[in-house]
Structures are given as C-alpha cells and as structure tokens.
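Enquirer: Turn these sequences into a full structure, and let the hints steer you where they fit.
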Amino acid sequence: MVALGLAGVLAFTPPAAADALHDPKGLWTGQLVADRGNCTEETRDTSTFQVGSKTLTFTPADGSVPLRGRPEKGYAHYHAEVLLQQPSGAAYPMVFEAHPEGKTIVGIYGTPRCRAHIVLKR
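Using mature numbering (1 follows the signal peptide of the UniProt record, and there is no 0), the letters of the sequence shown correspond one by one to residues -18 to -1, 1 to 104.
Please keep in mind that the hints were generated in silico from the structure rather than gathered at the bench. Note that the coordinates shown come from a computational prediction; the quantities given were computed from them, not determined experimentally. All C-beta atoms, glycine included, are put in the ideal place defined by N, C-alpha and C. Any given hint could turn out to be false.
[What the hints assert, rightly or not] Computed list of lysine-lysine pairs in DSBU-like fashion (alpha-carbon distance at most 30 Å, straight line):
#1 K7 <-> K55
#2 K36 <-> K7
#3 K55 <-> K103
[What the hints assert, rightly or not] What follows is a list of derived Cβ distance ranges for each label pair:
#4 A72 <-> L3: 20 to 30 Å
#5 H61 <-> K103: 16 to 26 Å
#6 D27 <-> P94: 34 to 44 Å
#7 G71 <-> D1: 39 to 49 Å
#8 R95 <-> E54: 26 to 36 Å
#9 V15 <-> P48: 18 to 28 Å
#10 S35 <-> P94: 29 to 39 Å
Expert: Following this line, the structure appears as structure tokens:
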C-alpha cells in the first residue's frame, strides 16, 4: 500500500525546468541593476524578456519601449535594440545583449546614459 502511495506522488512530480540554452522560449523576468550612469527609470520595476522562435522582446522596467530582435540559431546569444529620436533630433539607442547561463539568462542593457546588468529567471 505504501509503495502505491509513493508511486502516485512520483507520478505527479513536475519535471525539472530545462536549462536556458536548450529550452529558452517563453517569458523571463528580472530586475536591472545599475552599473554606470543614471538608471533610475530602468531599475524601478521588473523587466521582461520574451523569447519566441522568430522574435524576441526585452522591455526594461516593463515600460512602454520594447527592444526587439531575432534569436540566433541555437539560442546561444541574444541581441535586441531600438533607436529612438530625442526631441533635439539626436539618436537615442537602447541595446540589450544576453546569453544563457545555466537555468538563467544573463544580460547587459545600455543607453547613452545608463548601463545595467540583469539575471532573468522563468
């Protein structure tokens, strides 16, 4: 009777999450941490990274400006960007670079005024 009970428990145990390299698709979240410059807006809230088969999106502090890109074959490296125009007419690039590391995705976010790092988890 005990053996049947244990078998039932084992049958309902969820599988372990796959690592970020072999199973990257889906929603990842984390908090940007300032490394340099003024990153007050970017570090105020959780950031989101969405990986699909053909597109990826990084949204710093879940704001209104998503950075977009395409996953590289094999999902070993990610690059997302957006180029905004400031009221003065000057370009304002926003860039996100990331790669899988174990069960996380680690990345660097940069703009002309901010550089920050992030560890993203499911």
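Enquirer: Does each hint hold? Answer for all of them.
Expert: Taking the hints in turn, this is what the structure says about them:
1. K7 <-> K55: holds, 13 Å
2. K36 <-> K7: Status holds; Cα separation ~10 Å.
3. K55 <-> K103: holds, 21 Å
4. A72 <-> L3: 20 to 30 Å: At 38 Å between Cβs, range violated.
5. H61 <-> K103: 16 to 26 Å: Holds, at about 20 Å.
6. D27 <-> P94: 34 to 44 Å: Roughly 21 Å apart at Cβ, these two residues miss the hinted range, so it is violated.
7. G71 <-> D1: 39 to 49 Å: Holds, at about 45 Å.
8. R95 <-> E54: 26 to 36 Å: holds, 28 Å
9. V15 <-> P48: 18 to 28 Å: 20 Å Cβ-Cβ, so the 18 to 28 Å window holds.
10. S35 <-> P94: 29 to 39 Å: The hint (29 to 39 Å, Cβ to Cβ) holds, given that S35 and P94 are roughly 32 Å apart.
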